[in-house]
Amino acid sequence: DVKVTQSSRYLVKRTGEKVFLECVQDMDHENMFWYRQDPGLGLRLIYFSYDVKMKEKGDIPEGYSVSREKKERFSLILESASTNQTSMYLCASNTGAHEQYFGPGTRLTVT
Amino acid sequence: DAKTTQPNSMESNEEEPVHLPCNHSTISGTDYIHWYRQLPSQGPEYVIHGLTSNVNNRMASLAIAEDRKSSTLILHRATLRDAAVYYCILRGVSKETSGSRLTFGEGTQLTVNP
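Residue numbers (the numbering used here), protein chains in the order written: chain A, 1 to 111; chain B, 1001 to 1114.
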């Protein structure tokens, strides 16, 4: 059974903190994605990666960075968290042009 | 990416068929039509996709208009567990989309009444 896991379901951080969101997939997928989901705005792509150490900006990369040191792991980093980064963060993976598999999401609150 | 238009919400009764429409009048010849759904408190999950011909799988059927400017996701017998937001997405096939990125709209909130 395919699986994408995210390190936390819920996270509360303070403004200015550095935040790491981890995503792991066990399907040997080349491509991994980070989205954020907000009411009224739908899912928006932050960053994606199509290979180890490769990354591409999505539609809203400002305030975020990513790291992909191993094929199975894709990390989203908020260098200095701000309240407007309070959101649901979703990780996904796929191979080639096939369907994306999503993790359960991390609901991040920045206070 | 070409844009899709879906109704904000739809209602259905349990055990009845549901037809979820999607308009994509600016679709290009190489765009695939994908459907995902998102159950409450979960990440989206893949439902079905197609290019030109109608498609069936264990979850649903996809009917694509002959001119490909619209499509319909069909749930043959809705259950309470089908209550979700359904997203219709166009995915192009090109070098620029080698990562298979998807652009999600707002989707259709399906309510299933017992």
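Calculated from the structure, these hints are not laboratory results.
Model, not experiment: these values are computed from the prediction.
Backbone N, C-alpha and C fix where the C-beta goes; we use that ideal spot for every residue, glycine too.
Each hint should be verified, as a subset may be incorrect.
Unchecked claim - Taking lysine to aspartate or glutamate and the DMTMM-like style, the derived pairs with C-alpha atoms no more than 25 Å apart in a straight line are:
(1) A/LYS3 with A/GLU62
(2) A/LYS53 with A/GLU72
(3) B/LYS1069 with A/ASP26
(4) A/LYS3 with B/GLU1015
(5) B/LYS1003 with A/GLU72
(6) A/LYS13 with A/GLU62
(7) A/LYS3 with B/GLU1066
(8) A/LYS57 with B/ASP1082
(9) A/LYS13 with A/GLU30
(10) A/LYS3 with B/GLU1014
(11) A/LYS55 with B/ASP1031
(12) B/LYS1003 with A/GLU56
(13) A/LYS13 with A/ASP26
(14) A/LYS70 with A/ASP38
(15) B/LYS1069 with A/GLU72
(16) A/LYS71 with B/GLU1045
(17) A/LYS57 with B/ASP1031
(18) A/LYS55 with B/ASP1082
(19) B/LYS1003 with A/ASP38
(20) B/LYS1003 with A/ASP26
As the list claims (entries may be wrong) - Just so you have them, the derived chain A footprint on chain B, three or more residues with Cβ under 8 Å:
(21) 1037 to 1051
(22) 1104 to 1111
Stated by the list, open to error - Here are some, though not all, of the chain A residues that point toward chain B, as calculated from beta-carbon distances under 10 Å:
(23) VAL4
(24) LEU11
(25) GLY16
(26) GLN37
(27) LEU43
(28) PRO61
(29) LEU90
(30) GLU99
(31) GLN100
(32) GLY105
Comparing the hints with the structure gives:
no.	hint	verdict
1	A/LYS3 with A/GLU62	28 Å, violated
2	A/LYS53 with A/GLU72	12 Å, holds
3	B/LYS1069 with A/ASP26	37 Å, violated
4	A/LYS3 with B/GLU1015	30 Å, violated
5	B/LYS1003 with A/GLU72	32 Å, violated
6	A/LYS13 with A/GLU62	19 Å, holds
7	A/LYS3 with B/GLU1066	36 Å, violated
8	A/LYS57 with B/ASP1082	33 Å, violated
9	A/LYS13 with A/GLU30	31 Å, violated
10	A/LYS3 with B/GLU1014	30 Å, violated
11	A/LYS55 with B/ASP1031	24 Å, holds
12	B/LYS1003 with A/GLU56	22 Å, holds
13	A/LYS13 with A/ASP26	28 Å, violated
14	A/LYS70 with A/ASP38	29 Å, violated
15	B/LYS1069 with A/GLU72	38 Å, violated
16	A/LYS71 with B/GLU1045	22 Å, holds
17	A/LYS57 with B/ASP1031	22 Å, holds
18	A/LYS55 with B/ASP1082	35 Å, violated
19	B/LYS1003 with A/ASP38	19 Å, holds
20	B/LYS1003 with A/ASP26	32 Å, violated
21	1037 to 1051	holds (count 7)
22	1104 to 1111	holds (count 4)
23	VAL4	8 Å, holds
24	LEU11	15 Å, violated
25	GLY16	28 Å, violated
26	GLN37	8 Å, holds
27	LEU43	4 Å, holds
28	PRO61	13 Å, violated
29	LEU90	5 Å, holds
30	GLU99	4 Å, holds
31	GLN100	6 Å, holds
32	GLY105	5 Å, holds
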